[in-house]
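Chains as they are written, first to last, in the working numbering: chain U, 1 to 376; chain H, 1 to 284.
By construction, these hints were calculated from the structure, which means they are not laboratory data.
In this text, all values refer to a predicted model and were calculated from it rather than measured experimentally.
It is possible that part of the hints are untrue.
Unchecked claim - Heads up, simulated EDC-like pairs for lysine to aspartate or glutamate below, C-alpha to C-alpha not over 20 Å straight-line:
1) H/Lys-85 <-> U/Glu-212
2) U/Lys-134 <-> H/Glu-15
3) U/Lys-222 <-> U/Glu-27
4) H/Lys-209 <-> H/Glu-229
5) U/Lys-222 <-> U/Glu-208
6) H/Lys-85 <-> U/Glu-9
7) H/Lys-85 <-> U/Asp-281
8) H/Lys-209 <-> H/Glu-112
9) H/Lys-209 <-> H/Glu-283
10) H/Lys-209 <-> H/Glu-187
11) H/Lys-85 <-> U/Glu-302
12) U/Lys-222 <-> U/Glu-108
13) U/Lys-222 <-> U/Asp-4
14) U/Lys-222 <-> U/Glu-9
15) U/Lys-222 <-> U/Glu-256
As the list claims (entries may be wrong) - Between beta-carbon pairs, the in silico distance windows are:
16) U/Asp-147 <-> H/Pro-194: 53 to 61 Å
17) H/Asp-273 <-> U/Leu-262: 33 to 41 Å
18) U/Val-130 <-> H/Leu-139: 40 to 48 Å
19) H/Gly-41 <-> U/Thr-288: 18 to 26 Å
20) U/Leu-262 <-> H/Gly-168: 52 to 60 Å
21) H/Glu-283 <-> U/Ser-5: 32 to 40 Å
22) U/Ile-102 <-> H/Gly-168: 51 to 59 Å
23) H/Gly-41 <-> U/Asp-98: 45 to 53 Å
24) H/Gly-41 <-> U/Thr-138: 44 to 52 Å
Just so it is clear, CB atoms sit at the ideal spot from N, CA and C, and this is done for glycine as well.
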Amino acid sequence: MVDDSLWIEADAGLRQLLAVLQGRGYETVGLTEQDGCITLGPIASADDLPRGRIMDTGGGHVRCRDGESDRFFDKTLPMQGLKRFVYPAHEAVAQFDDDLTITTPEVEMRPTAVFGVRACDVAAIDIFDVVFRKPPYTDARFAARRDGLLIVAVDCAVPLETCFCASMGTGPHATTGFDLALTELSDGGEHGFLVRAGSAAGRGILAELDGEAVRDDQVAAKRAQADAAAAAMTRSMPANVASVVRQSHDSPHWSEVASRCLTCANCTMVCPTCFCSTVEDRNALDGTAWRERRWDSCFSIEFSYIHGGGVRESAPARYRQWMTHKLGHWHDQFGMSGCVGCGRCIAWCPVGIDITAEAHVLAADLERAVPTMGDN
Amino acid sequence: MPRSMAAPVWELGMEPVVYQVTGRHQELVDTVTLQMTPVDGPAMSFLPGQFTMMGLPGIGEIPVSISGSPNDGGPLTQTIRAVGKVSAAIAGLGVGDRLLMRGPFGEPWPVEEAVGRHLLIIAGGLGLAPVRPIVYWALANRGRLAGVELLYGARGPDYIPYGAQLLGWLASDRMTGSLIVDRHSDEWAGPVGPVTELIGRHATVDPAKTVAMVCGPEIMMRFVIQALEARGFADSDIWVSMERNMKCALGWCGHCQLGPVFVCRDGPVFRVDHVRNLMTQSEL
Ligand SMILES: Cc1cc2nc3c(=O)[nH]c(=O)nc-3n(C[C@H](O)[C@H](O)[C@H](O)COP(=O)(O)OP(=O)(O)OC[C@H]3O[C@@H](n4cnc5c(N)ncnc54)[C@H](O)[C@@H]3O)c2cc1C
Ligand code: SF4
Ligand code: SF4
Ligand code: FES
Chain U
1 MVDDSLWIEA DAGLRQLLAV LQGRGYETVG LTEQDGCITL GPIASADDLP RGRIMDTGGG
61 HVRCRDGESD RFFDKTLPMQ GLKRFVYPAH EAVAQFDDDL TITTPEVEMR PTAVFGVRAC
121 DVAAIDIFDV VFRKPPYTDA RFAARRDGLL IVAVDCAVPL ETCFCASMGT GPHATTGFDL
181 ALTELSDGGE HGFLVRAGSA AGRGILAELD GEAVRDDQVA AKRAQADAAA AAMTRSMPAN
241 VASVVRQSHD SPHWSEVASR CLTCANCTMV CPTCFCSTVE DRNALDGTAW RERRWDSCFS
301 IEFSYIHGGG VRESAPARYR QWMTHKLGHW HDQFGMSGCV GCGRCIAWCP VGIDITAEAH
361 VLAADLERAV PTMGDN
Chain H
1 MPRSMAAPVW ELGMEPVVYQ VTGRHQELVD TVTLQMTPVD GPAMSFLPGQ FTMMGLPGIG
61 EIPVSISGSP NDGGPLTQTI RAVGKVSAAI AGLGVGDRLL MRGPFGEPWP VEEAVGRHLL
121 IIAGGLGLAP VRPIVYWALA NRGRLAGVEL LYGARGPDYI PYGAQLLGWL ASDRMTGSLI
181 VDRHSDEWAG PVGPVTELIG RHATVDPAKT VAMVCGPEIM MRFVIQALEA RGFADSDIWV
241 SMERNMKCAL GWCGHCQLGP VFVCRDGPVF RVDHVRNLMT QSEL
């Protein structure tokens, strides 16, 4: 755990931090409100942040409204994580002209500072670092974008109803993977941020900020706030979920979930760790062609198509693939869980399917079937 | 250590290299074997069992095994059956036509496992293409092997690729083997039935001193595994090559997942004891 090294004032401090980032040539991206929804977009100054706005979420439900305080970062999670910044929803990966000259489109990545990244989304980027850089291959397009990203994390004080990062061990406080991290405190008449640096770039920026030394009572308040945030989460994943999903291949519960699931793929699109893509060749009228990589979803039948049919034709099999991959097989593939507990798949599911609730049902079913289940 | 670490690790990504067709042979009514060299530089070197992503601009890209000899460093040889849009377009290429290539990809057949032992190769249908490099390798390394046997099952006499070469191999004293076809026909005097028939009747090997490499439709491989085990083979001595939808071959697109494994990079060649329950669970 990195120690806090500075206390900055809410308004002046944030303004200065953004100015320093811009002075260093970073595009600044942060929380913005668009069409009634909090998302990540360009911000020119701290005044652009949706200060005081909060989100209410539930299964299939997201609403934005004014909160009770003028704090910046309570109970907000952008609709998408950092995925689209490091991995665009579609892009040309090769271009072919008439005589088959191949050009590889340059990755256009201006150094970008993302402001107010939650611990879950920091963890999700760490997961992408493993997926797209697993030896012997490195996805150079991902790497160029990832390495151009500066992450200013912010600890969560008030989680959303759909959050369960505490049970995934990824939040509510950011512990690694950031360049800078902020903790918003508004106790005893003062409102500001504790700042800590997690990288050389972060330390350089921190050195340019005006602030005060961190006091012990602020550190204690931060700890209490973190504990309260974790305690406020009503959803959680069973601790043994990885072994539960691996043992549940033949569970009748997949059919029950599939009777509700529309296989619309919303969950995979909003998930910050879902990395699947397809590769399609496309043509322009002038005879040029290009190869495009675009986000894809295991919820489509074509995803697993081989000679004459999909391997996973049935909806239960496709829901099972998604959940078992996230929570079980991801461990085999990458040595970690593929779920960071952000809860987006719950909020953005049109029928409100809740991955934590489904996991608890599977766990309870197994426990009934095998009273002394080992944790293998 | 992954087996392919023995081969050079290339800077592989999504960018293809342009190859040109230098030879074309119509194997079967719907199947061609192409020989190809890059427009610039030498053809890729590869290990038996590896595959490439073959493509045509604006049409698409598909995984295809390398079916030629790994020994001679000559042109790249691949055998393509026209089953759909991309494969038909590639099968329709002629000498001088150009195409896009990425690779080689995948874990190869563990041919060194066979040194000092019998090598039993069992193939069905176009599953002969991915095992043909094993035969080339085995014949070049014949002195290090106790024996080489090939069991091959085809739909009918008209569906046997590499026909003359295959008969030549089987007639030579350097290897043994048998062919079987699914259906009776007038011009076929050999055995009729599934390839598993040959395991009981013809395979002459001692399971304890043999390693088996199997390639064909998944259902055929399941039956072959059963038959081999009935003959006393340990599942750790049986290897199979799996097929799944593939869009990248790099472990990035997710399409080839089979439970915990990515067929493109952890396979396509697997030891049976590592994938047994993955081959039997439905819609995995
Ligand atoms: C490791 C590996 C090795 C292979 N080796 C050979 C070979 O040596 N010779 C050969 O003729 N074929 C081989 N195949 C099968 C070949 O890839 C398919 O026949 C081909 O993808 C069909 O594409 P299509 O566009 O012509 O057909 P369509 O039926 O139009 O298929 C549409 C798309 O589905 C996917 N798809 C369909 N069938 C398969 C399949 N069987 N495997 C993987 N993806 C599929 C492809 O992305 C394809 O573009 C191999 C497949 C794999 C995975
Ligand atoms: S599975 Fe759901 S909760 Fe887990 S990381 Fe993805 S979107 Fe977030
Ligand atoms: S779980 Fe919900 S969001 Fe995901 S595919 Fe099913 S209906 Fe769509
Ligand atoms: S083919 Fe893309 S992950 Fe295997």
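If you check each hint against the structure, which ones fail?
-> Structure breaks hints 1, 3, 5, 6, 9, 10, 12, 15, 21, 22, 23, 24.
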